[in-house]
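J.: Turn these sequences into a full structure, and let the hints guide you.
There are 2 protein chains.
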Amino acid sequence: MNPLTRLNTLINEVVDLQHAASLLEWDEQVYMPPGGASTHGDMVATIRKIAHEKFTSDAVGRALEDARRNGTSDGDESDNEKLVAVTAHEYDKALRVPADFVAEQAQAVSAAQHAWAAARRQSDFGAFQPHLDQVVALKRRYVGFFPPGVHPYDVLLDDFEPSMTTAEVHELFGVLRPRQVALIRELTARPQVDDGFLHQSYAEAGMTEFARNVVTAIGFDWTRGRQDRSVHPFATGIGPNDVRITTRFVEREPLSLLFGLIHETGHALYEQGIAPAFARSLLGNAASLGVHESQSRLWENLVGRSRPFWDFFYPALQQQFPSQLGDVSLDHFYRGINKVNPTLIRVESDEATYNLHIMLRVEMEIGLLDGTIRVEDLPELWRSRMQEYLGVVPATDATGVLQDIHWSIGAFGYFATYTLGNVISAQLWASYLGAHPDRDDQIRRGDFAPLLDWLRTNIHQHGRKYKAQEIVQRVTGSRIDPQPYLEYLERKYRPIYGIDRAG
Amino acid sequence: MNPLTRLNTLINEVVDLQHAASLLEWDEQVYMPPGGASTHGDMVATIRKIAHEKFTSDAVGRALEDARRNGTSDGDESDNEKLVAVTAHEYDKALRVPADFVAEQAQAVSAAQHAWAAARRQSDFGAFQPHLDQVVALKRRYVGFFPPGVHPYDVLLDDFEPSMTTAEVHELFGVLRPRQVALIRELTARPQVDDGFLHQSYAEAGMTEFARNVVTAIGFDWTRGRQDRSVHPFATGIGPNDVRITTRFVEREPLSLLFGLIHETGHALYEQGIAPAFARSLLGNAASLGVHESQSRLWENLVGRSRPFWDFFYPALQQQFPSQLGDVSLDHFYRGINKVNPTLIRVESDEATYNLHIMLRVEMEIGLLDGTIRVEDLPELWRSRMQEYLGVVPATDATGVLQDIHWSIGAFGYFATYTLGNVISAQLWASYLGAHPDRDDQIRRGDFAPLLDWLRTNIHQHGRKYKAQEIVQRVTGSRIDPQPYLEYLERKYRPIYGIDRAG
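Protein sequence lines, in the order shown, are assigned to chains A and B. Numbered according to numbering that gives the first Met the number 0, the first sequence terminates at residue 502, and the numbering increases by one at each position without gaps. Numbered according to numbering that gives the first Met the number 0, the second sequence terminates at residue 502, and the numbering increases by one at each position without gaps.
Hint data in this document are derived by calculation from the structure and do not stem from the laboratory. Any given hint could turn out to be false.
Claimed, not checked - Derived pair list, reagent style DSS-like, types lysine-lysine, alpha-carbon separation capped at 25 Å:
id: 1; chain 1: B; residue 1: Lys53; chain 2: B; residue 2: Lys92
id: 2; chain 1: A; residue 1: Lys92; chain 2: A; residue 2: Lys53
id: 3; chain 1: B; residue 1: Lys466; chain 2: B; residue 2: Lys338
id: 4; chain 1: B; residue 1: Lys92; chain 2: B; residue 2: Lys466
id: 5; chain 1: A; residue 1: Lys48; chain 2: B; residue 2: Lys48
id: 6; chain 1: B; residue 1: Lys338; chain 2: A; residue 2: Lys53
id: 7; chain 1: A; residue 1: Lys48; chain 2: B; residue 2: Lys53
id: 8; chain 1: A; residue 1: Lys53; chain 2: B; residue 2: Lys53
id: 9; chain 1: A; residue 1: Lys466; chain 2: A; residue 2: Lys92
id: 10; chain 1: A; residue 1: Lys491; chain 2: A; residue 2: Lys338
id: 11; chain 1: B; residue 1: Lys48; chain 2: B; residue 2: Lys92
id: 12; chain 1: A; residue 1: Lys48; chain 2: A; residue 2: Lys92
T.: Put into C-alpha cells, the structure is as follows:
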C-alpha cells in the first residue's frame, strides 16, 4: 500500500470517530433524556480518547513521514500535498501535548466551568478568580509545549485560526477600533429607530415555519441535513451529507429565531458544500473558524438583514403575522431590525457594536498570556474598556466579565474568530458584487442560487485545503482587510439613522 | 491494578463503543437525513471494528486469565465470578471466528439482503435461492469454528440464547405443537368474534397520546428514556439510563400502535431495570433474547390484552374515541382485540398462532444446518407445514418463505427466542400470581407497580448474571416449561370462543 493510501486509511477511522462524537454531542443537546448524561459522557470521552490515540499512533507518524519523503508528485497546490501538510501540522501539534497535561486540563476546566456558572449566578468574580488563574497558568504551559514564536498567543490562535498571528489580529483591530467607536458615537447621537413592533407576541410555530421556508430558499439541502430545537442554537456537520442545525424561540426577541436559524444555515451551507472526497480526511473541515463565521455572518447579516432580502420576504412575513406587522411599513421594519444599541451583552449585540465586544476580550486574553494583565484586574478593566468602546458600564460582573463561558472552558484564542468572520464576510460580499453587479437584484427576487454557487466554488468545496489568508487572497485578491467591513457598516447604518453618506 | 479492575477498565471502553454504535443505529432509524446513510455506515462500521479489536486484544485475554487464576474470592454466584465467566465466554467465541470470515460474511449477507428484498417484491424464490445457499454454507463454516457439540445448531442458538441447546428447543416444541394445533382447530371451528370496530379511522395523535399514557402508567421512566416514530418499532438500551422506544401507526390496524408500544416498553423496562453497576460491563445486557422477549410479551399480551387491563383502561380509550367505540361494550372490545385468525404472515399473527409460525421456521433452520433439508425444498415445505400447522397455504412465496428478513441477514438461531419469550412470560405470570394472589385486582385498578417491582427484583436487575434456564429456575422453581403457556392459552381463548373450560 502506498504511504498516502495508508495514511488515508488510518485517518478515515479517526474522522469516523470524530463524526460519531459530534453526532453524540448533537444528541445530547437535542434528544437525550436527562438521565443519559453520564452514559453520554462516557461514550464521548472514550471515543475522543481512542480518536486521539489512533491519530497520534506511530503508524500515522510513519505514513506521514513516508508520504512526505515520497512526495505526491502532483504539485504543491494539489489536494494530496495539502492533505499531507494539514495532517502533519495537526499530528505535530497533537504529539507535543502530553496526555497527562490534557487530563489535568480537562479536570481543571471542568471545575472552572462549574465555578464560573455559580459565580455568574451570584455575580461574584472572586469565586471564579482562582479558577481563571489556573486556566491561564495552564494556557501558558500549553504554549510552552510549542516552539517559541513571536508572541505566545500565536499558539492559541492557531487552534482556531491556523497560522493566524497575534500581530495580524492587532493590526486588524487597530484599524477597526477607532472607526467603529466613532460610528457608534455618531449613530447614538441621532434619534433612535423604533422597533416597538418586535415587542409583541409572535407564535413560535408560525415563526418556525417562516424561518424554515427562508432556510429552504437560501439553499439548505434537507436531504442532507435537518433542523431541531435546542437550548443554544448550533450547527454540526457529520460530514457534508449530514449537517444538523438547531434553533430556539425567545419570547421577548421573536426574530432571533429567524436570524439565528439563518446564521446556523450559513454554517451548514459551508459544511454541506465541502468536497465529498475530503469527507473522511482532515481537509473535510472548514479553513478556520473565522472563515466558518464569515459564512454564517454573510447569510445572517449581509443577506438576511439587508433591504433587498426584505423586499422579497417581507410580504410573506406580514402575511404570517398580520396583526403584528400589517401596519408596519417595509421601511419601518427594515430600520427596526437594524437598530444599533450598545449593550452590555455580547450575544445580544448588533452588527455595528459586535466587534468591540470581541476586541475587548481578545485584548484581555493577549494581556493575560503575556503577563501585562492580571486576572484580578479584569473586572475593573472590563468596566473601563466598555465605557471607552461602547459608552456603557456593567453594574455587575454577571453582565460584565462573567458573561461568557469561553474562558472557563479554556477556549482562549476563540473570540478573535468572530471578528475575523465579520471582516471576511464583507470582503466576500464586495467581491461577489464585483463578479455579479446585479447582486442586489438577485436577492430582491429571491434568487440565492448564484450566491450560493459562488460561495460553493470559491470557499466551501475547498474545505481546509487553504488557510484563511490564502483563501481570502484567492477570492478577493487581497489579504484579510478591515476596510470593506467598515465601509459596509458606514454605508448601511448612516442612512438608517438619517445621516448623509459623507458623515 | 488487580486483574478484575484491569478487565473492567478494558471492557468499559468496549461497552462505551457498543453503546455508541447502538445510539447511531437508533439515529439512523429515527432522525438521520437520507443523505447521511453512507456516513452513518462508515461510523458504525469503524466503531464496531474497533470494539471488536479492543475486545479480542491480548490485554483482555491476559486480564481474563489472571482474573480466572486469582479467583475473585467471593464465591461462584458473585457478580464478579459471573462477570468473568460471561466475559470469558464471549471472548472465547470472538477469538474463534477469524476476521476474514467476518468480512466475507458481512459482504455475503449485504448482497443476500438486497437479493431477498428484490425477490420478495417479485415473489421469486429462485432469485434468492443461491444467496440463501451461500448463507447456509457460511453458517456451517461458522459452526465449524467451535468445538463439535451435540448438534451443529447449538452454536447458532448460543449467539441469542447462551447455553440453550437444540435438544431443549426440540423437546419444548414437541409439547407445544400438538396442543397449539389442536386449540386452533377447536377455536376456528367456532363462530368468529367481531372486530369490525377496528376497521374504522382512528386519529394517530389520539392513539399516540393514549398509548403514551399507558406506557407511563405501567412504569416507563421518561427521565431515562424517550419515544419516537420509526418505520419498524424497536427498543434500544444505551445503558439503563437512556432507553429509547419507537412506534409506528398503521391505518388499517389502529391498535397496533398501542400494543406495539406496550411490547417495546416491556423490553425497555427490562433495560431500565438492569443494575447500574453492570452498565459498562457485559453483565449490562439481558440474560438472553428469549428472556428479553418474555418481558415484552408479558406486558403486551398477558397484561395488555387481558380483561382486567381493559377494565381499567377501556373508559379512557372510549373517551378518546367516542365515535368509534362509544357503542362497543367492554366485552365486545375484549373479544375483538383477542380474535384468533390463522394468517400467512408471522408479524400479523395472534397469541394463539404465533408459536406455530416460529416452529415452522426453526425446524427449517435446524434441517438446513444438519443437511436434512435443502434450500430448494423450502417453498414446498413451507406450504405443506403451513397447511399442517395453521390450515392456510400461501399462494405466493412473498407471503410464504420470503416474508422474513432474518435468513437474508444470517440471523439463524434468532427465531426460537420468540417462542421462548412466550413460554417464559406465562411461567412468570403464573409465578407472580403465586406471590400476589390479587394480581388481577392490581391490574384492574391500574396498579402496575407491584408487578414491575417483582420483575425488577427477580429478572431485570440481574442483567446477564444468570442464563435463561437459571433465572427461570430461580424465579419459578422449574426450568423453561411449556405447560403454563398452554394452560394460559386454553384458559383465555376457550371462553372468548364460547367453549367450556374442559374443552
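J.: Each hint should be assessed against the structure and marked as holding or not.
T.: Going through the hints against the structure:
For the suggested pair Lys53 of chain B and Lys92 of chain B, the alpha carbons sit about 14 Å apart, so the restraint of at most 25 Å is met. Taking the CA atoms of Lys92 of chain A and Lys53 of chain A, the gap is about 14 Å. The hint holds against a cut of 25 Å. Annotation: proposed proximity of Lys466 of chain B to Lys338 of chain B is violated, straight-line Cα distance about 34 Å (limit 25 Å). For the suggested pair Lys92 of chain B and Lys466 of chain B, the alpha carbons sit about 16 Å apart, so the restraint of at most 25 Å is met.
Straight-line distance between C-alpha atoms of Lys48 of chain A and Lys48 of chain B comes to about 16 Å, which keeps the hinted pair within the 25 Å bound. Between the alpha carbons of Lys338 of chain B and Lys53 of chain A the distance comes to roughly 57 Å, so the proposed pair goes past 25 Å and is violated. The hinted pair formed by Lys48 of chain A and Lys53 of chain B meets the criterion: a straight-line CA distance of about 13 Å does not exceed 25 Å. At most 25 Å may separate the alpha-carbon atoms for a hinted pair to count; Lys53 of chain A and Lys53 of chain B meet this at roughly 13 Å.
For the hint pairing Lys466 of chain A with Lys92 of chain A, the CA-to-CA distance comes to about 17 Å; that is within 25 Å, so the pair holds. Note on Lys491 of chain A and Lys338 of chain A: the hinted pairing holds, with a Cα-Cα distance of about 11 Å set against a maximum of 25 Å. The hinted pair formed by Lys48 of chain B and Lys92 of chain B meets the criterion: a straight-line CA distance of about 16 Å does not exceed 25 Å. Pair hint Lys48 of chain A plus Lys92 of chain A holds up; C-alpha atoms about 16 Å apart against a cutoff of 25 Å.
In summary, the numbered hints that this structure violates are 3 and 6.
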